[in-house]
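Using the sequences and the hints given, assemble the complete structure.
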Amino acid sequence: MLRGPCRLFRVSVAPVAALAVALVSSLSRCSLLEPENRVVSPLSPYFGTKTRYEDANPGLLPDPEAPRRDPQLLEETCTPVQLVALIRHGTRYPTTKQIRKLRQLHGLLQARGPGDDRTHAAGGGDLGAALADWPLWYADWMDGQLVEKGRQDMRQLALRLASLFPVLFSRENRGRLQLVTSSKHRCVDSGAAFLQGLWQHYHPGLPPPDVADMECGPPRINDKLMRFFDHCEKFLTQVERNATALYHVEAFKTGPEMQNILKKVAGILQVPVNNLNADLIQVAFFTCSFDLAIKGVKSPWCDVFDIDDAKVLEYLNDLKQYWKRGYGYTINSQSSCTLFQDIFQHLDKAVEQKQSSQPISSPVILQFGHAETLLPLLSLMGYFKDKEPLTAYNYKEQMHRKFRSGHIVPYASNLIFVLYHCKNAKTPKEEFQVQMLLNEKVLPLAHSQETVSLYEDLKNHYKDILQSCHTSEKCELPKVNTSDEL
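Numbered by mature numbering (1 follows the signal peptide of the UniProt record, and there is no 0), the letters in the sequence shown go through residues -26 to -1, 1 to 460 in order.
No lab work stands behind these hints: they were computed from the structure.
PhoX-like mimics (lysine-lysine), calculated; alpha carbons at most 25 Å apart, straight line: (1) K370 x K298; (2) K208 x K448; (3) K227 x K298; (4) K198 x K453; (5) K323 x K433; (6) K415 x K433; (7) K376 x K361; (8) K285 x K298.
Given below as C-alpha cells:
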C-alpha cells in the first residue's frame, strides 16, 4: 500500500537476491510489455485522452529516461525551493464498460454468415474476417487498471524530474516527500511506480523493493481533492446523471460526419449498418489505441479508419471532455478550485518558511489523479479556451482548435508548479517567482504569455478564484420550493 508523507526509502532492505525475485515477480504480473521497437500509427495524434505520453511529447523518444530541459526554465540565479506536481495516471487497460462494448462488436463480426465472407469494396482482404479472428484478450477484471507500460510511464517521469530538479529531489529532501492520490487503483499504482523510479534514481542498478517496504507514513488518499467532481452534487445531478446534458455530444453522433463513418465501417466490416452505432465505432477506434499503448502492436482495428475518420472521432471525444470537464458546464471547473487553492496553500507555506529561514517542510508534493482532475483545473485557469465553444455543428470551423484533449492530458500528463527563490532580487517582491510546466514544457501564463511570474503577481491574478472558492455553496443543489401556497 502506498503511503505518504514519505521518508521515501529504507536503505537496509532485503538482500539483493530477494529484491531481484520481487522485481521479476512484479513484472511477471503483466506479460504485455511494449516491445523495444516502438510501433507507430498515423492515427496516434488523434486518440484524445487515450493518447500515449510519448506521442504528445515525441522529444522523449530517443531516451525516455533523460530529462528534456526546456530552455525557458529559469537559470541558476534562481533556485527551485518547491515543486507541486499534479500527475495523471499512466497507461491503463480499458474499463469494463469499454470491454463489453468491444465484445458486442466482436460478436457482430463472428455472427456474419458464410455469404458475408467476401472482399470489401476497397479491394483489400476481408478485414471483418481478420478482426473476427483477432484475439479478444481484454477481460472484465482489467477494468481500467494500470498496465506495465503505465508503470514504466511513471518510473521514467520520476527519473526525468529528479534529474531536471536535482536540488528538490536531493537525498536530503527525500524524507520530506508528500504524496496524495485518488483512491482509484490506477492512481495508487502510479504513485507506487513513481516512487520506484525515484529509488532507481537514488540507487542505480539496485532493484526496487515493494512499496510496502519503503519507509512512508499513512496513505494520503484524498478523493475530495483528486476526485472533486465526485463530491459536487450539482455536477453529478445536472451533468453526470442528466441524459440531456451532453446534447452536443449526442447530436454529433447522429450528425453527417459520424454517420458517414458509420456507413463506411459497416461496409468494411460487412455488417448491417443498423447493427452499429457511434459508441461501438468509438470503442473500435480506441481499441487501436489500447493495443498500441498496452501491447505495442498495430492491430487490424487500426486499418478500419483513416486520418479523416480519426479527426472526426477525436472531435467526438473532445466534445465530451469540453462539455463535461472543460468550458461547457463550468460547475466542474469551478469545483476544481479546492485543488487550485490547495496548491497555493503549499506554495504560501513554502514562501513563509523560506522568509523565516526555516527548512521547507515539503519541497516536493506529488498528486496523482485523472484527466478529469487536470482538465477542469486548466479550464479554471483559462487555458486552451477557443473563441467559440465546441458544438455538434462547427466541426470544420474547429479543425484548428486549442482544446485537443490528447495534446493536453495524454496518459501520464502532468501540470507542475515550481517555486523559485531568487537571491539577487532587487525587491522583496521579486524574491519569489513561479513557473508552470505542462507535460514537462514551460506553460506560458494564460493572461500574459510570459514564461515566469512573480509569485505575488500570480496570486493576485487568480485572487478572485482563490478567495471565492466555496465549493460547498457552488455544488449545492438549488432548493425546491414544495410549498402548496399559491
